[in-house]
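Engineer: So the chains spell out like this:
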Amino acid sequence: MTELTFELPKTPASRRVKRFVVPLLPFAFLIAIWASIVALTDPAIGVLPSPMRVLEAPFDDSSTYFDNIEASLKRLVMGFTVAAVSGVVVGIAAGLSRRVAEFLGPLSTFMSAISGIAWIPLAVAWFGVGTGMVVFIIWNAAFFLIFANTMLGVRLVPKVYGNGLLTLGCSRLQVIRHAVVPGAMPYIMSGLRSGLGFGWRAVIAAELVGASSGLGFWIFEQQEFSRMDKIIAGALTIGVIGMAMDRWLLAPLERRTIERWGLVGTSS
Amino acid sequence: MTVVDEVGGAAAVAPPTISAKGLSHAFTDAQTGRTVHALDDVDLEISAGEFVTVVGPSGCGKTTLLNILAGFIKPSVGEAYVNGRLIEKPGSDRGVVFQELAILPWRNVRRNISHGLEIQKVPKAEMSERVASIIELVGLTGFEHHHPHQLSGGMRQRVAVARTWVSDPEIILMDEPFAAVDAMTRLTLQEELGALTVRTGKTVFFITHSVEEAVFLGDRVIAMSARPGKIIDEVNVPVDRSERTWELMAHNEPLQETVEHVLNLVRGEAAGSREADI
Amino acid sequence: MSDPPNSTVLSAVEASRQQASSHRGRALLASVFRALFPFTVLLGVWWGAWAIFDPPEIILVSPPTVFSAFIDAIQDGTLPTYISRSVGRLALGTLIAAAIGIPLGWLLGIDDDISSAFDPLLRFFNAVSGIAWLPAMIIWFGFTERTILVIIVYTMVFPITFNAMTGVRTIPRRYRDACRTLGAGRLRIVKEVYMPGSFPGVMTGLRLGIGFGWRALIAGEFVVGTAAGGGIGFFIFDARTQGSIRKVMAGMIVLGVLWLLADRLIFKPIEEHVNERWGAVSE
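Protein chains in written order, with my numbering: chain A, 1 to 268; chain B, 1 to 278; chain C, 1 to 283.
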């Protein structure tokens with residue numbers, strides 16, 4: 001390559017710094033506005049605590065805080081795992097047959113429309129109050145999404161992939177393993193990603209309304225004591241955990257599978 | 001530099017429509033992080049009414065050159081001028097026909113074609129007249145109310161060409177406009193484009209990686225080397241454009257020789273670039 | 001002078017036209033049956049399970065029981081009122097959230113640097129569901145209509161903004177570049193490229209947002225209760241308090257049916273219309 005006799009505009013290093021710092025700016029801005037409002041209007045702590053107070057609030061009673069987070073996460077793992085496995089398996093099975101897909105499609109839309117929360121009365125009647133009910137609600141929230149996405153992904157896999165393998169002598173099962181599943185991966189990943197988000201929100205909602213432990217319950221409890229600082233802390237915790245799971249769990253998974261394979265990826 | 005006059009009286013020296021000297025450009029590839037040296041010391045002059053084609057191997061920087069002339073990117077070194085004015089950003093004086101669909105999917109054929117005139121605030125009566133005549137010229141009569149996705153690739157490009165032509169820019173830049181069109185339609189479009197430009201006397205800058213297309217369409221063919229793109233040579237094409245058809249191309253010796261000549265220029269460079277990669 | 005049309009030909013034409021319209025009528029009927037078939041099967045499974053397992057009333061009731069509860073609730077006027085209140089709240093929330101979110105999404109989407117900057121913020125607040133803010137809103141606004149509205153608008157604003165933003169970002173650059181070469185200025189490009197081009201994204205955002213908002217609405221009505229005037233969410237919650245599983249299930253089914261109707265009658269037709277006229281906007 002010939003030597004460049006002139007300067008190039010930007011160096012990559014500054015771009016990397018930009019990528020880290022810039023996304024934090026809106027948050028910093030928001031916190032700054034929050035802090036200024038508190039400083040200027042001096043509201044009661046039960047109405048609007050300062051950012052500092054919110055940061056400290058969980059640690060007033062840190063063991064309860066972390067125990068509740070643990071309880072919620074445990075339920076999420078249980079519910080989501082079941083939802084993921086069942087959703088993907090049933091989704092693949094359904095997607096392989098056009099008739100089954102047409103049959104289950106509207107049912108799936110219908111079921112996913114009955115919001116997770118609306119299932120709680122029934123779920124409480126069936127499972128009683130507590131972990132079982134919450135896990136069911138999580139499954140309910142995530143399953144239909146994962147299922148629908150998987151089914152769609154399977155149906156959209158170009159038939160040529162499978163046909164190509166068949167001409168190489170593969171069995172139907174091998175076609176599923178080597179063509180259908182990888183081909184449907186973008187949709188499966190998308191379904192899993194959304195499903196986890198839904199599941200996490202469902203945990204909180206379920207606990208808010210019908211459990212005696214967990215992060216959602218912890219937040220809801222605070223309302224009776226007007227502990228606004230803990231409520232905000234809890235809400236922010238929900239956001240942090242949700243984002244952390246998405247960014248450090250699923251996005252890398254997406255990168256290592258579908259982006260590596262050159263299929264569309266949206267890990268941002 | 002060709003001398004142009006419209007009145008037919010004493011010849012006057014007009015500034016070339018396009019003039020660029022010492023254009024060099026490099027950038028950092030966002031994905032790989034490597035430096036790409038796209039253009040190396042390119043000089044270019046195009047006179048009014050000329051049809052100049054640029055041909056070269058893939059990645060030789062011809063699109064970069066077009067983007068500089070269009071005003072989409074600022075060259076690392078050097079400047080380009082259109083009629084003596086510095087090119088800094090896109091404008092209606094330089095029309096562009098893109099390789100892929102760039103007509104708006106949510107406008108029908110008529111409204112896409114009239115878009116430039118709309119922006120220039122041309123009065124309605126004049127606008128419909130000009131649009132109607134260009135629609136006829138490019139053979140889209142009857143499709144005025146169709147939307148792009150209802151049209152074939154060839155017809156979409158006709159819409160794109162019509163849109164650019166009817167807005168009457170000083171120069172028209174075309175970026176491999178027929179590359180995405182099937183081979184049969186391409187031949188037709190090339191002949192139609194040739195006829196259109198002869199009839200309207202437009203100045204055109206046309207890039208392609210097909211040597212035949214370059215020779216068929218251009219008054220002058222510029223052959224570029226592989227990356228970093230340099231101009232290897234410029235070749236004047238015999239036989240007046242108004243007489244060229246694909247049938248003629250197949251039989252005409254001078255034209256065939258020109259194609260050979262340009263092909264050798266470009267092939268030599270392509271082979272050279274392959275060696276450099278190893 | 002030409003002969004008048006042969007009466008045999010006329011009647012043949014008429015006959016074929018009538019046949020065509022009866023074919024169309026049959027086709028419509030067939031498609032309705034096809035759409036209802038899965039639900040009939042579901043109904044059958046439900047009824048069968050109930051008949052076989054004979055569960056206690058607080059666990060499961062039969063379809064006819066639920067249906068009669070449904071009819072009762074309609075006849076005494078509670079369900080229609082509740083449905084219209086819930087839908088009304090959702091509609092108002094959608095209007096406000098769209099009025100905020102769509103223009104905001106457009107603004108953020110125009111510049112790549114700005115949209116990347118706000119992307120995490122939008123994702124963060126989307127992760128903190130509106131429901132989690134319910135306790136906070138109750139402290140601020142009490143058990144009122146306003147609380148419910150705030151929660152809905154909050155829940156909907158983020159998916160709407162995010163998708164409007166994405167809708168602008170995914171518009172191929174060529175369209176903007178092409179308009180620049182035609183002499184278009186910034187404002188015109190926003191109006192003629194970004195706004196129409198982002199339409200699919202905006203529709204996705206609305207669809208998602210309304211889905212989320214619907215759930216948040218139900219949760220809000222659950223928690224806020226009668227103070228704000230009942231809605232479907234309250235209907236279900238109240239039914240649970242009364243221990244009436246039949247009413248609970250009736251309410252749940254109403255939820256599902258309402259969404260299906262909205263999806264079939266509103267969202268799908270709009271999406272199809274856009275696809276028909278514009279094709280796929282982004283590749």
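To be clear, the hints were calculated from the coordinates, so they are not data collected in a lab. Mixed in with the good hints, there may be bad ones.
[Unchecked claim] Facing chain B, from chain C, some residues (calculated, C-beta under 7 angstroms):
1. L182
2. G183
3. P196
4. H273
5. R277
6. W278
[As the list claims (entries may be wrong)] Far from chain C, some chain A residues (derived; all Cβ distances over 12 angstroms):
7. L24
8. A35
9. V38
10. S50
11. S62
12. M78
13. V90
14. A93
15. F103
16. L168
17. S212
18. K230
19. I232
20. M243
The model shown is predicted, which means the values in this text are computed figures rather than measured ones. Beta carbons: idealized from backbone N, C-alpha and C, even for Gly.
Engineer: Which hints from the list above does the structure break, by number from lowest to highest?
Structural biologist: 4, 7, 15, 18, 19 and 20
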